[in-house]
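Q: Each position in the sequence shown, counted from 1, maps to that position plus 1 in my numbering.
No lab work stands behind these hints, which were simulated from the structure alone. Glycine is no exception: its CB is placed at the ideal position from the N, C-alpha and C atoms. The reader is advised that the hints may include incorrect statements.
Stated by the list, open to error - Estimated spans, in silico, between C-beta atoms of each pair: (1) GLY254 / GLU184: 18 to 28 Å; (2) GLU30 / GLY175: 50 to 60 Å; (3) ASN50 / VAL251: 15 to 25 Å; (4) ALA317 / GLY221: 32 to 42 Å; (5) LEU140 / ASN50: 37 to 47 Å.
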Amino acid sequence: MHERRLPFPCHRRAGMKETLSLGGLGLPESTLVRSLRSGGEMTWLVRSNSGLTSELLVVKRKRDYLSESEFLAHCAVHRRLAAAGGPVPALPESPPENPVRGPDGALYEIWTWVPGRAVDVGSPNDLRGMGAALAEFHLLADGALDGVDLDPKEPHDRFAKARFHFPLLAEGLGARGAGQHRELVARWTAAHRASEGSALPPAVLHGDPCPENVLVTDSGRAVLLDLDDVHPGPAVSDLAWSLTRVGAVVPAGDGFRDDWDAPAVTAVLDGYRSRRPLSDAEYEALPHWIVASLCCAASDQLYDYGWKIPTDALPAECERVLALAEPGRLPVPTS
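All chains, full assembly: derive it from the sequences and hints.
A: Now the structure itself:
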């Protein structure tokens, strides 16, 4: 999570516990500007007073749901893109390294703070920038996971993730939504079979390229944040998730639109293709991955340690998902 609200509250010196933690990470004599998360894993915005660096730094502890191999993998991808000037936060010019193991035995990553603002999903320019940043990510991250043995705690592949969430969705829908659940599973099954017939080259994926994970810098460049879900797969998986999140999901809300926001989808696609044109096979596969993204979002968008909306409203939301997944309604080109 990358906090974007400005201005900062009053700076305060790190307390004893925080000072020990930061010192063990190679950041002695630091000022804790603020916490960037209200709960969960520690994420701090820090200023070093030792002269080590003049930059504001983000210090983030490995999330508990990530295996160590997953964390090391996304740090490796971050290093690759940062070194190439890619659309990710820069890394500190001075030590400590990224990642670093703290005195508590946990892994931490450290990067430089990026001033900016959230993506305006109503702005075609912002959405084109988001699409272009995702394409640059795919191009620059190519090969960054070669030889890396990922051991994920949960599936990352969008089809596998949707299947992983289906039991949760079935429980939430109950008997009143059993028909919608059966239809979603049927759509997922058909899309999965169709996607398996597409031979797509592997890429290194961001995993969650949604508007909430993109920052527009003061210079107007889109930067991708939160690389926790980095994994190998076809590039259209990332692209489909981006299109679903801007075109099908209610902005800054919980639930789905009644129809696709076609201009938003077009803007992201145009930005992506301006940097990385799609192959014929990718055009053919993209609708199947959008169906997988919709199936995944059916629970992923509506559940966060509890249903975000009344369970009585879930069948209607799933009806919207099913309507959005109709082949004739998918706003994607064929070439």
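Q: When you take the CB atoms of LEU140 and ASN50, is the distance between them in 37 to 47 Å?
A: Because 39 Å falls inside the window, the suggested range holds.
Q: Taking the CB of ASN50 and the CB of VAL251, does the distance hold inside 15 to 25 Å?
A: violated, 44 Å
Q: Evaluate the given range 32 to 42 Å for the C-beta pair formed by ALA317 and GLY221.
A: At roughly 39 Å between Cβ atoms, GLY221 and ALA317 fall inside 32 to 42 Å, so the hint holds.
Q: Taking 50 to 60 Å as the stated bounds, is the beta-carbon spacing between GLU30 and GLY175 within them?
A: Holds, since GLU30 and GLY175 (Cβ atoms, about 56 Å apart) stay within the stated range.
Q: Could one say that the CB atoms of GLY254 and GLU184 fall in the range 18 to 28 Å?
A: holds, 24 Å
Violated hint for the displayed structure: number 3, the only one.
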